[in-house]
Amino acid sequence: MAFIPNSSRFLENFVNINHKVLGITLEPFCLLHLLFLNQIRSPFVDAEAQGGNLEDLEKAVLVCSSKSFDEITQKLAGRHGGVLNRFKWLFWRKWNRRFGLDLNSEVLKLLSYCSDYTSMPIFADGKGGASPFSAEMLYIGALIKETGWDLDSVLAMPLGQVVWINSILGFLKSGETNIISDNEERIRLLLTGEL
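Numbering-wise, the sequence shown is residues 1 to 195 according to the numbering used here.
Source of the hints: derived by calculation from the structure; they are not laboratory data.
Be aware that one or more of the hints could be misleading.
As the list claims (entries may be wrong) - Capping the alpha-carbon separation at 27 Å, the derived lysine-lysine pairs in DSS-like fashion look like this:
{"no.": "1", "residue 1": "K75", "residue 2": "K59"}
{"no.": "2", "residue 1": "K59", "residue 2": "K109"}
{"no.": "3", "residue 1": "K145", "residue 2": "K75"}
{"no.": "4", "residue 1": "K109", "residue 2": "K145"}
{"no.": "5", "residue 1": "K109", "residue 2": "K20"}
{"no.": "6", "residue 1": "K109", "residue 2": "K173"}
{"no.": "7", "residue 1": "K59", "residue 2": "K20"}
{"no.": "8", "residue 1": "K67", "residue 2": "K109"}
{"no.": "9", "residue 1": "K67", "residue 2": "K173"}
{"no.": "10", "residue 1": "K145", "residue 2": "K173"}
Claimed, not checked - Across the chosen pairs, the derived CB separations fall in these ranges:
{"no.": "11", "residue 1": "I168", "residue 2": "E48", "range": "17 to 23 Å"}
{"no.": "12", "residue 1": "L190", "residue 2": "L151", "range": "39 to 45 Å"}
{"no.": "13", "residue 1": "E176", "residue 2": "T73", "range": "38 to 44 Å"}
{"no.": "14", "residue 1": "N16", "residue 2": "S134", "range": "36 to 42 Å"}
Quick reminder that beta carbons are idealized off the backbone N, C-alpha and C, glycines included.
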């Protein structure tokens with residue numbers, strides 16, 4: 001395993017390239033995308049879901065190429081963009097079926113896209129009790145409480161940025177963090193033989 005310092009993990013969430021999957025440009029991977037992909041049990045975020053076929057990939061691309069709740073629901077319902085966009089999408093599918101689509105390559109592009117926006121800090125093991133709320137709900141609530149930002153703005157933020165900003169706000173508030181320093185992580189990797 002290669003050592004990646006927290007400073008690089010931080011920058012990974014703020015300096016990114018444009019991503020295209022199935023020829024469609026994707027928006028930055030954000031909480032809204034994650035929530036929708038979990039809701040439709042996408043195999044790209046739900047380890048218990050079965051699948052990983054072209055239809056699953058297309059749904060994930062429709063979700064991740066959207067900027068708002070309404071846009072996602074319209075695309076998933078097939079109402080987005082009118083007849084012309086649906087015609088282009090069907091033409092694209094037929095062309096790729098005929099000339100070959102490398103599904104594995106497109107899936108890898110989607111996974112690379114997701115990881116590009118979710119390079120998280122390395123945290124120490126927590127000692128607190130289990131929360132009745134999901135991590136996503138806690139991140140949303142904390143950012144809204146601490147910053148006064150509206151729900152739509154928080155949902156549209158890339159996921160890694162949400163985690164990093166929450167961690168920074170927590171540190172500024174308490175002076176403590178459970179993010180592991182780069183030296184601690186190097187020592188851990190050396191002791192476990194992973195480095």
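For each hint, the structure was consulted:
| no. | hint | result |
| --- | --- | --- |
| 1 | K75 with K59 | holds, 9 Å |
| 2 | K59 with K109 | holds, 15 Å |
| 3 | K145 with K75 | violated, 31 Å |
| 4 | K109 with K145 | violated, 35 Å |
| 5 | K109 with K20 | holds, 7 Å |
| 6 | K109 with K173 | violated, 38 Å |
| 7 | K59 with K20 | holds, 14 Å |
| 8 | K67 with K109 | holds, 19 Å |
| 9 | K67 with K173 | violated, 31 Å |
| 10 | K145 with K173 | holds, 13 Å |
| 11 | I168 with E48: 17 to 23 Å | violated, 33 Å |
| 12 | L190 with L151: 39 to 45 Å | holds, 43 Å |
| 13 | E176 with T73: 38 to 44 Å | holds, 41 Å |
| 14 | N16 with S134: 36 to 42 Å | violated, 25 Å |
Violated hints for the displayed structure, listed by number in ascending order: 3, 4, 6, 9, 11 and 14.
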